[in-house]
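Participant: Relying on the hints, combine the two individually framed chains into one complex.
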Amino acid sequence: MLLYKKKYLYFTVPVFVFLGLMIIFPIVYTIFVSLERSRATDPERYFVGFDNYRKLLVNPRLWQAFKNSLVYAFLGAFAKFWLGFGFALLLNRSFKGRSLARSLLFLPWVIPVVAWCTTWRWMYSTHLGIINRLLLLLGLVREPLNFLGARSLALPSVLLVGITEGYPFFMVTLLAALQAVPDTLYEAASIDGASGWQQFINITIPSISGVIKISLVLGIIWSWNSFPVVWLLTKGGPSDATHLLVTLSYEYAFIRGRYDYGASLSVITVLFLILLFLLLRRLQRGGDVGEEG
Amino acid sequence: MKRQMILGIVMLCVLSVGSLLARAEDKTSLELWLISTPIEGITEFFEEVSQRFEADKGCKIDIVWVAREDMYNKLLTSVAAGVFPDIVIDILGQGIALSRRGVLVPVNDLVKEVGEDRFFKGILEMQRDPDGNYWALPIFSHPACFHFRKDWLQEAGVDTKYEQDSEGNWHVWAIDSWSDVLAVAQKVTKDTNGDGQIDRWGLGLQYARTGDTFGWVSHLIYSFGGYIYDYKEKRVAFDSPETLEAVQLISDLYNKYQVVPPDVTAWGEFENNLYIQHPEQAKVAMVINSYSIVPWCQKNAPEMVSKIGTAPYPKARYRFRVEAGQAEALLIFKTDKLNLSKQFARFMMDKDLQVKGIKLSGGYWSPCRSDVLADPYFEQIPMEMRMAMENDKYLVSLGWPTSGMTPELAEVANSYILQDITTRAAVDKWDAKSIVQEATRLIEEIFE
Numbered sequence: 007m008l009l010y011k012k013k014y015l016y017f018t019v020p021v022f023v024f025l026g027l028m029i030i031f032p033i034v035y036t037i038f039v040s041l042e043r044s045r046a047t048d049p050e051r052y053f054v055g056f057d058n059y060r061k062l063l064v065n066p067r068l069w070q071a072f073k074n075s076l077v078y079a080f081l082g083a084f085a086k087f088w089l090g091f092g093f094a095l096l097l098n099r100s101f102k103g104r105s106l107a108r109s110l111l112f113l114p115w116v117i118p119v120v121a122w123c124t125t126w127r128w129m130y131s132t133h134l135g136i137i138n139r140l141l142l143l144l145g146l147v148r149e150p151l152n153f154l155g156a157r158s159l160a161l162p163s164v165l166l167v168g169i170t171e172g173y174p175f176f177m178v179t180l181l182a183a184l185q186a187v188p189d190t191l192y193e194a195a196s197i198d199g200a201s202g203w204q205q206f207i208n209i210t211i212p213s214i215s216g217v218i219k220i221s222l223v224l225g226i227i228w229s230w231n232s233f234p235v236v237w238l239l240t241k242g243g244p245s246d247a248t249h250l251l252v253t254l255s256y257e258y259a260f261i262r263g264r265y266d267y268g269a270s271l272s273v274i275t276v277l278f279l280i281l282l283f284l285l286l287r288r289l290q291r292g293g294d295v296g297e298e299g
Numbered sequence: 391m392k393r394q395m396i397l398g399i400v401m402l403c404v405l406s407v408g409s410l411l412a413r414a415e416d417k418t419s420l421e422l423w424l425i426s427t428p429i430e431g432i433t434e435f436f437e438e439v440s441q442r443f444e445a446d447k448g449c450k451i452d453i454v455w456v457a458r459e460d461m462y463n464k465l466l467t468s469v470a471a472g473v474f475p476d477i478v479i480d481i482l483g484q485g486i487a488l489s490r491r492g493v494l495v496p497v498n499d500l501v502k503e504v505g506e507d508r509f510f511k512g513i514l515e516m517q518r519d520p521d522g523n524y525w526a527l528p529i530f531s532h533p534a535c536f537h538f539r540k541d542w543l544q545e546a547g548v549d550t551k552y553e554q555d556s557e558g559n560w561h562v563w564a565i566d567s568w569s570d571v572l573a574v575a576q577k578v579t580k581d582t583n584g585d586g587q588i589d590r591w592g593l594g595l596q597y598a599r600t601g602d603t604f605g606w607v608s609h610l611i612y613s614f615g616g617y618i619y620d621y622k623e624k625r626v627a628f629d630s631p632e633t634l635e636a637v638q639l640i641s642d643l644y645n646k647y648q649v650v651p652p653d654v655t656a657w658g659e660f661e662n663n664l665y666i667q668h669p670e671q672a673k674v675a676m677v678i679n680s681y682s683i684v685p686w687c688q689k690n691a692p693e694m695v696s697k698i699g700t701a702p703y704p705k706a707r708y709r710f711r712v713e714a715g716q717a718e719a720l721l722i723f724k725t726d727k728l729n730l731s732k733q734f735a736r737f738m739m740d741k742d743l744q745v746k747g748i749k750l751s752g753g754y755w756s757p758c759r760s761d762v763l764a765d766p767y768f769e770q771i772p773m774e775m776r777m778a779m780e781n782d783k784y785l786v787s788l789g790w791p792t793s794g795m796t797p798e799l800a801e802v803a804n805s806y807i808l809q810d811i812t813t814r815a816a817v818d819k820w821d822a823k824s825i826v827q828e829a830t831r832l833i834e835e836i837f838e
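Note that the protein sequences, when read in sequence, are chains A and B. The working numbering applies: residue 7 is where the first sequence begins, and numbers increase by one. The working numbering applies: residue 391 is where the second sequence begins, and numbers increase by one.
Excised from the complex, chain B in its bound form (with noise of 0.2 Å):
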């Protein structure tokens, strides 16, 4: 018995040190975690990537698909677990929150690659800390979408014409700024058979804990001038009187305007396009998002195609796009294969790749570089998504008004906090002041 106790131990740690020689000899491979989405192209593009990859490089790309709301905790729990990956895919500037544990590796080299120039300005920001170190890569953005439904809007009487300003950018001057979408949801929003109960509804803004309600919040709360961290004080701040006003919009349009419909509280990720583009069940003229509805209408509705418009994000006081946390960017961890990671990030650089990954992502993606954006795919798209990628130029880092990011603010953006304003102003009714000292104490409560 005795024998066999000091066998298995031995056998034990060979298998034990075995491993760990393995895992340390593994030079061939590196593993990669990125955002999992339902669309079969992106998947696709991947799938492409790994296979050039290591047909170039001799390197295997292990790809471990992470749902987009797991991802955060999944990075932190690894972090803390002392094992992660060797390059992550992400969004909303983790690379920051992730700077001061040591983790990661600066990525100004490769930026300057590339060339500062080239990027969108408020993208390359949100991955720049207040030391000037950029902490991730961007990749690829998402363009900035305001669907509207034009039958709708002009069977009530709205001009929907496109017009160039003066720099040569698309507009809907009839629903320019958010003033101007408040007074024609309130014309759209009614009761079409008669039976007492409203069944076409102005603005669909979604309520979900995602990504996209973090971006239609943070977008007005910046567009009106609001901010999240205060840079003189050094403190994440929420309590601007333009963040007042802003917050006070949104409890508005829930309540005192009621054109938004109440059940949006309960709407998921895909649900406020479903409500703009299913042909028989939909019941919102306008819905804000993170990509382009049109691909998916060619695909499935084709007649909701010529139905359906896209404008630029309302304006306040500025016409800010604060989104540039949606933009997907490629993070570098302190592993054994740097210099392999390091080649991974310069590929993924390519501009070719880049075009054909947004070209089969289907309007899910956009460029986050000029260079990019200007390459002669681009101009064969709908003039819609054109119009909506060209709109990445508005993007502002979370860190507006000063330049880069904090950790604060990248865990701030992570904390579901911005989205839960919307279930105090939709569910609870609570007026602005009530949901800014809560949204408050709940921010200083992750610093304390």
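Chain A extracted, bound-state conformation (with noise of 0.2 Å):
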């Protein structure tokens, strides 16, 4: 018994040094960092309590940047989550040219993201992107339109990158999951006098439900954490209408020098986060007693 303990320390021991290192020491380190006055350019470094949080939560940058992340995660969640779907589906049926199909859908989740946006960048210019001179020339519009630099349309811009490029992993999920669901099913319900409706509700959506949800909460997370897209396309301008709460972060820690601002926002994002997960969690749980019941 003691010999079985020992060993199974050998194995437990590097695990729980390498998330303390990698892991646990960051959080604490943030959280303290986020409790002092420290400023990048600055080496005398002092307590100050809770007052950075008190400062930032009066600071309408962090409310725009808090409302912008909501519209991110959510919308840019279920819209990855819907194309995905969609192109699961398509795929999930024999087609000539399905391989070559999936292969071409999947190409965002495999191009770099520096590369997926400054193409984007490219395509969303003014006066010399492919995307204004196709509604110029299909005379949608009457003058280009500022996507990146209009208050307007700036998110808007953005989250359409960020979905363009987040879509395969949906598909690739889901469509795994549509292979998993037996066909027998399918053909029992064929039997009975099922339409192809009826099947997708009542046996495709039940059978993957599981991944549904793991895949939509773990697109919200993603999302809300997401980074690169909005840096490399706007470092959260005009104004700050494209800013999330990383972004913004990171705005504070490494371009203004302010590690203690960094820091507190951090931890109000992960704060964030785990309410909305709380609250996920709750919603999905209703759901499931409404299922059972």
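Hint data in this document are derived by calculation from the structure and do not stem from the laboratory. Hints are supplied without guarantee of correctness; some may be wrong.
[As the list claims (entries may be wrong)] In silico contact screen, one side only, chain A against chain B (beta carbon under 8 Å); selected entries: (1) D48; (2) S100; (3) L134; (4) E149; (5) G243.
[What the hints assert, rightly or not] Restricting the straight-line Cα-Cα distance to at most 30 Å, the calculated cross-link-like pairs of lysine-lysine (DSS-like) are: (6) K823/B - K73/A; (7) K241/A - K622/B; (8) K464/B - K61/A; (9) K622/B - K783/B; (10) K741/B - K447/B; (11) K697/B - K624/B; (12) K823/B - K241/A; (13) K73/A - K819/B; (14) K746/B - K727/B; (15) K697/B - K783/B; (16) K61/A - K783/B; (17) K646/B - K464/B; (18) K697/B - K61/A; (19) K241/A - K511/B; (20) K732/B - K511/B; (21) K749/B - K697/B; (22) K622/B - K61/A; (23) K705/B - K447/B; (24) K741/B - K783/B; (25) K646/B - K241/A; (26) K464/B - K746/B; (27) K61/A - K624/B; (28) K241/A - K819/B.
These numbers come from a predicted model, not from an experiment. All C-beta atoms, glycine included, are put in the ideal place defined by N, C-alpha and C.
Facilitator: Next up, the structure:
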């Protein structure tokens, strides 16, 4: 028994050491920095308690970034989900060129995000970009649209890039789940006279509901913490119109040199995320109880 | 299992100690961080520098290219982590910003070796703190280029001929001051094809959070007599009446006079050039820039060379050019290779090497020393490029009206706050007072 316990320790200690160094220490250190005044160019640091949090919570920039994060996380995750689900349903059928279609649709996930965003930047260019050229050619607009520079268009434009970059994850996950649904269920339903829609609602959705839930939760968390798309396209501008909590946190820490504000914002971002997660779990449980009932 | 575990730990310790010892004994290489640019000549130049230094001193140069916009935060994080390079060549007075962290070595001795009076005053003062210590050694400047479309200005009845003043400086008098520029911009801005949309604009002022935007915004503020640091009050001050006047002009250019295309808010690093130099897509008659576009035109659009003119930056109350922050300067870090780093700095100070670098950069760099500018090479380049390079004599430090710089100023210069002024003017259409109030609040937020 003792030998078993020792062996158990040999395997678990390195994992705990790794977790401690790579995850626990940064979290604890971030909380510690958030409670002191710490500037990048100033060696003097001192404890200020919750002062940084107090200042940030009355800062309108934080609430603007919070609203943007909510839009980006929820709209982004749901749009990625629906797009991915649509493509997954399409790819689940057999047709000529399915492998090629699967490879092409998976491409945005494989292309490095920097290359993807740079390409979109060019496409969005007001006078040289292909999107505006097409819109003008088709007579849909009278003058070119300022996709990344106008307040009203910037967030939707950034969101669109995020969606096109992120949907393949949902597509692949849902496709795998769809392929795991036994054909016999559909065959039996067909014999019983169920229509395609009835099969979709009563067989497909319940069979993959677990994957749908987990992928949606993951999608929301990833979108909430998404940094590169916004930073590469707009750096949070124009006038904070596209700032997310994570990009604002980065700006405070590494552009304005306020490590303390950056750390406090990171903690706030995580707290918001935990709240969201708890809310989602509660909703999910409610749904499950409803289903059972 | 226990034996294997102990063996593993011992191996880890040996590897760690070994790598530390290797690092301590590795005195035959220097780590050099440089700002990456898409200009091939600059890469070629530093490859040659590296090879020549290795041949001369037996020391290898490990070059790390860093994106310009990432350099400041990469430096801050490396300093915070305590693992930094031996040398960095960077812009915007980063040396001053880092001076309080105790990681840099002052370069007073190297400045004296070259001779303080040889450097253009503004560029050198940009590296000096209030105590008189120099924290970086200027290597290259960037030419002051106010480009204009000769053909479009002439079409609008504007005289674009060059004339010399009593001191021998070249001017285009029709666009000599900001009020001249505004008048010309209003003349040029029009709908040329009659579709009801303006397709030719007077002025292209870049918006993006880049060094170029910082350059023109700070130039405009300082040329009106505004400043960012109040030496009397010892605080960063953005609320002087002169600053307000300059910011009002920025706002008016976008909103009241509407001579700047509205989509500049999305222009990136090189787009203001694209919109003046592109043979078919050009849409602005004047742009302000920190390097010459003449070499680009010579190589890619020769038909545009005769159409592009260069003039000094417009003046307001003063003919300042506050772009000293654009000068590229060498920072030496406190590492165990200090002597080698200083040897490299001396190597970079070589006049012929600097001329070669400027030549290879194709108009991106210009001299930051009078003795380099006096080289016969600069007699052979196009007059407009030389004129832009000579304008570096108008550079003043961000610390104007007093000389020198403070870490606070350097931090503000790196904070994007000045760049964001243009967004508030162009996108949110705020008036100058609101813009200045917000900029002041954001600046105070950095130091509170």
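Participant: The structure should be examined with respect to each hint, and the outcome stated for every one.
Facilitator: Hint by hint, here is what the structure shows:
{"no.": "1", "hint": "D48", "in the structure": "holds (6 Å)"}
{"no.": "2", "hint": "S100", "in the structure": "violated (44 Å)"}
{"no.": "3", "hint": "L134", "in the structure": "holds (6 Å)"}
{"no.": "4", "hint": "E149", "in the structure": "holds (5 Å)"}
{"no.": "5", "hint": "G243", "in the structure": "holds (6 Å)"}
{"no.": "6", "hint": "K823/B - K73/A", "in the structure": "holds (27 Å)"}
{"no.": "7", "hint": "K241/A - K622/B", "in the structure": "violated (35 Å)"}
{"no.": "8", "hint": "K464/B - K61/A", "in the structure": "holds (27 Å)"}
{"no.": "9", "hint": "K622/B - K783/B", "in the structure": "holds (27 Å)"}
{"no.": "10", "hint": "K741/B - K447/B", "in the structure": "holds (18 Å)"}
{"no.": "11", "hint": "K697/B - K624/B", "in the structure": "violated (47 Å)"}
{"no.": "12", "hint": "K823/B - K241/A", "in the structure": "holds (25 Å)"}
{"no.": "13", "hint": "K73/A - K819/B", "in the structure": "holds (22 Å)"}
{"no.": "14", "hint": "K746/B - K727/B", "in the structure": "holds (27 Å)"}
{"no.": "15", "hint": "K697/B - K783/B", "in the structure": "holds (26 Å)"}
{"no.": "16", "hint": "K61/A - K783/B", "in the structure": "violated (44 Å)"}
{"no.": "17", "hint": "K646/B - K464/B", "in the structure": "violated (40 Å)"}
{"no.": "18", "hint": "K697/B - K61/A", "in the structure": "violated (54 Å)"}
{"no.": "19", "hint": "K241/A - K511/B", "in the structure": "violated (34 Å)"}
{"no.": "20", "hint": "K732/B - K511/B", "in the structure": "holds (22 Å)"}
{"no.": "21", "hint": "K749/B - K697/B", "in the structure": "holds (23 Å)"}
{"no.": "22", "hint": "K622/B - K61/A", "in the structure": "holds (29 Å)"}
{"no.": "23", "hint": "K705/B - K447/B", "in the structure": "violated (47 Å)"}
{"no.": "24", "hint": "K741/B - K783/B", "in the structure": "holds (18 Å)"}
{"no.": "25", "hint": "K646/B - K241/A", "in the structure": "holds (28 Å)"}
{"no.": "26", "hint": "K464/B - K746/B", "in the structure": "holds (29 Å)"}
{"no.": "27", "hint": "K61/A - K624/B", "in the structure": "holds (24 Å)"}
{"no.": "28", "hint": "K241/A - K819/B", "in the structure": "holds (20 Å)"}
Violated hints, in rising order: 2, 7, 11, 16, 17, 18, 19 and 23; the structure is consistent with all others.
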